[in-house]
Amino acid sequence: MPLLTDEVRKHIGAESAPFPACDPVEKGAVRRYAQAIMDPDPAYASDEAGARYGGAVAPPLYPAFMFRTPFGAPDVLTERAHDPDFDGLVMGVRDGLPELPLHGFALLNGGAEVEFYRYARHGETVFQKSRYADIYERETRAGPMIFVVIETEYTNGAGELLMRARKTIIRRK
Amino acid sequence: MARVDFEDVAIGQEIGPLVKGPLTTPHLMRWSAAMENWHKIHYDERFAREHDKLPGLLINGSLKQQFIVQLLKDWAGREGWVWKVNFQFRAMNIVGETLSVWAKVRGKREAPAYGLVELDLGIRNEKGLESTPGSAVVALPYRGGVPVPYPFVPPP
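Protein chains in written order, with the working numbering: chain A, 1 to 173; chain B, 1 to 156.
Don't take each hint at face value.
As the list claims (entries may be wrong) - Restraint ranges, calculated between C-beta atoms of paired labels, are given here:
(1) 142/A <-> 149/B: 19 to 27 angstroms
(2) 46/A <-> 45/B: 33 to 41 angstroms
(3) 129/A <-> 49/B: 36 to 44 angstroms
It is worth saying that the hints were derived from the structure and are not from the lab.
Each residue gets a CB set at the ideal place from its N, CA and C atoms; glycine is no exception.
Starting from the given sequences, assemble the full structure and let the hints guide the process.
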C-alpha cells in the first residue's frame with residue numbers, strides 16, 4: 001500500500017503568490033536569533049560593521065525564518081490542543097502553500113540547497129514565493145517515506161533577490 | 001574577519017572546525033523561541049519517543065544549518081561571499097551532543113571577477129558520527145584584487 005496518494009501528489013506544481021513576512025527585519029528579533037545560533041557577528045547589530053552590506057543585516061538564513069503566524073491569525077496551538085497527533089508545527093502559514101493531507105505523519109527536515117545573493121537589512125520587508133517542486137515516495141532502511149521538495153525565492157521590498165532555497169521535507173508514518 | 005585570497009587556498013585544506021555544544025535543552029528551547037517554531041520533538045521528550053518513535057529530543061536541523069553557514073561565512077570574511085550551500089540531514093543529533101562543523105576544499109575554479117572554491121562539509125559529533133554531509137561554493141577575491149561584488153553576481 002503506497003503512502004503517496006493522488007490526493008497528495010496533485011499538489012506538485014502548486015505555488016504561492018509572493019507575500020510579505022508578517023514583520024520587517026527587526027533589530028530585537030535579529031538579536032534573539034543571533035544569540036540562539038551563537039553567532040556574534042557584529043554586522044548583525046551595527047551599521048558600521050555591516051557597512052559592506054549597506055548597514056546592519058540579519059544572519060544569512062534569516063529570511064527563511066521570517067514567515068511566522070501573523071497577528072490576528074487563528075491560534076493553531078489552541079485549536080489543536082486536544083489532538084494527540086498534533087506535533088506543535090504550524091505549517092502552511094510559513095510558506096503560503098496548501099497543507100498536504102498527511103495528518104498524523106511525522107515531519108523531518110531532510111536538508112536543503114541554498115543560494116545567497118544579499119543579506120536582509122534591518123528594517124527591510126522580505127517577500128517569499130514558494131512552490132511544491134516535487135513530491136515522491138522512496139523506500140528507505142526505516143521504511144517508506146514521502147519526500148516533499150519546496151522551492152522558495154526570497155526578495156526584499158525593492159524586488160531584489162536575497163536568497164533561493166530548495167528544501168526537502170520528509171514525512172513518514 | 002580576515003581576508004582570504006583565492007590564491008592562498010589549497011585543495012585538501014581544512015576549514016574549521018566550528019564547535020558548538022554541548023547543546024542542551026535550553027539551547028533548543030532558545031532556538032525554538034527565536035524562530036517561533038513549536039515542534040514538540042525538540043522539547044517534549046514523551047512525544048518525541050512515544051509518538052514519533054525517536055531516540056530522544058532532536059537537535060533542530062534548522063539550527064545545524066546555521067552553524068554550517070557561520071563556519072563558511074566567517075572563513076570567507078567580509079570580502080568573500082558564501083554563494084551556495086547544500087546539506088542533507090542524514091542522521092539525527094540528540095540533545096546533549098557537541099557538534100563540530102568542518103569543511104574541506106575539494107576544488108577551485110577561476111571566474112572573471114573572483115575565484116570560486118568548492119568545499120565538502122559536514123557535522124560530526126563527539127563520537128565521530130557524521131550527520132550532515134553537504135557541499136558549498138564560496139567566492140573569494142583574487143590577491144590584490146577588489147572584494148567579491150556585493151550583492152553577489154553569479155559567474156557568467
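Which hint numbers doesn't this structure obey? 1
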